[in-house]
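Please take these sequences and the hints and turn them into a complete structure.
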Amino acid sequence: MQQRTYEVMFIVRPDLVDEEIDKLVSTMESHATNAGAVVKNIEKMGKRRLAYLVRRFSDGFYILLTLEADGKAIHEVERRLRVSEPVIKFLTVRIDEEQKRLDKIKQLRSTKVKRSTAEPAPAPTPEAVAPAATA
Amino acid sequence: MADTATSSSSSGGGQDRGPRRDSRSGGAREGGGGRKFFRRKKVCKFCVEKIDSINYKDVRLLSGFVAERGKIVPRRLTGVCTPHQRRLSEAIKQARNIALLPFAARF
Ligand SMILES: [Zn+2]
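Residue numbers (the working numbering), protein chains in the order written: chain A, 1 to 135; chain B, 1 to 107.
Hint data in this document are derived by calculation from the structure and do not stem from the laboratory.
As the structure is a computational prediction, the values presented were derived from the model and not from experiment.
From the three backbone atoms N, C-alpha and C, an ideal C-beta is built for every residue, glycine too.
Be aware that one or more of the hints could be misleading.
As the list claims (entries may be wrong) - Partner residues are not named here, just some residues of chain B that face chain A (Cβ under 10 Å, in silico): (1) D58; (2) L61; (3) A95; (4) P102.
As the list claims (entries may be wrong) - The following residues of chain B were derived to be distant from chain A, with all beta-carbon distances above 10 Å: (5) C44; (6) C47; (7) D52; (8) K57; (9) E68; (10) K71; (11) R86; (12) S89; (13) Q94; (14) R96; (15) I98; (16) A99; (17) L101.
Set out below in structure tokens:
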């Protein structure tokens, strides 16, 4: 299956202590690796207020995993999150296509800047066209 | 035939209307009578400021486009262009799913 880039964000219940969270994160990391995913980044976003109650909790610890994985591996990671008791919510978002789009825009911007600075460059093109038309 | 360009003058009587309540999207109809809709900036923030990515994690940015009850503000009020509004609402919905933004008003 094709490798894609995903962000998996999950929320851990707020009554866990730091060590328990660290342990949970490393467990999830190894689950992901075992499922065939490559863990690119782990970001602990810290405790945040939830916008609405989730399982009667009004806040939670947000954790963000960036994975390179195929659909099957993501499915397994999601299953692990679902059965993990301290995890109260999770969301998977595919980001590779958006990243591709952003890279394209970035590239476009840089070439535009180059073109405007090197103004006289496109001048010889009409000459090149002219002989082709006569031939 | 009064000039509608200046919205503040048409409302009559300064009162406490000065700091316009932006999130109150239906505010124009409230209070009865008169056209006191505020001239909103009709330009797309994302086009103008060249904001390329509209990400669900960027709560600060997104919350500027949801009303206080949690609704997505329609683009006719915010001036956001159609392609950007589409990506904006996508991001808001993702943020709602992971409890970064509310689905509806909290009571
Ligand atoms: Zn736009």
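So, going through the hints one by one against the coordinates:
Of the supplied interface hints, the one on D58 (chain B) is violated, with its beta-carbon coming no nearer than about 13 Å to a beta-carbon of chain A, more than 10 Å. Against a cut-off of 10 Å between C-beta atoms, the interface hint on L61 (chain B) is violated, since the closest Cβ of chain A lies about 15 Å away. The interface hint given for A95 (chain B) holds, since its Cβ lies 8 Å from the closest Cβ of chain A, which is under the 10 Å cut-off. Taken as an interface hint, P102 (chain B) checks out: its beta carbon lies about 4 Å from the nearest beta carbon of chain A, inside 10 Å.
The beta carbon of C44 (chain B) is kept farther than 10 Å from every beta carbon of chain A, the shortest such distance being approximately 15 Å. Every Cβ of chain A is farther than 10 Å from the Cβ of C47 (chain B); the closest lies at roughly 12 Å, confirming the non-interface assignment. Under the 10 Å C-beta cut-off, the non-interface status given to D52 (chain B) relative to chain A is violated; the minimum distance is some 5 Å. With a cut of 10 Å on Cβ distances, K57 (chain B) falls inside the contact zone with chain A, its closest approach being about 8 Å.
Non-interface status of E68 (chain B) relative to chain A is upheld: no Cβ of that chain comes within 10 Å, the nearest being about 13 Å off. With a cut of 10 Å on Cβ distances, K71 (chain B) stays outside the contact zone with chain A, its closest approach being about 13 Å. In this structure R86 (chain B) is separated from chain A by more than 10 Å, as the shortest Cβ-Cβ distance comes to about 13 Å. With a least beta-carbon separation of about 15 Å from chain A, S89 (chain B) lies farther than 10 Å from that chain, consistent with its non-interface assignment.
Under the 10 Å C-beta cut-off, the non-interface status given to Q94 (chain B) relative to chain A is violated; the minimum distance is some 6 Å. Not every CB of chain A is more than 10 Å from the CB of R96 (chain B) (nearest about 7 Å), against its label as outside the interface. Non-interface status of I98 (chain B) relative to chain A is broken: a Cβ of that chain comes within 10 Å, the nearest being about 4 Å off. A beta-carbon of chain A comes within 10 Å of the beta-carbon of A99 (chain B); the shortest separation is about 4 Å.
The claim that L101 (chain B) lies off the interface is violated: its Cβ sits roughly 5 Å from the closest Cβ of chain A, which falls inside the 10 Å cut-off.
Consistency with the previously given hints fails for numbers 1, 2, 7, 8, 13, 14, 15, 16 and 17, ordered from lowest to highest.
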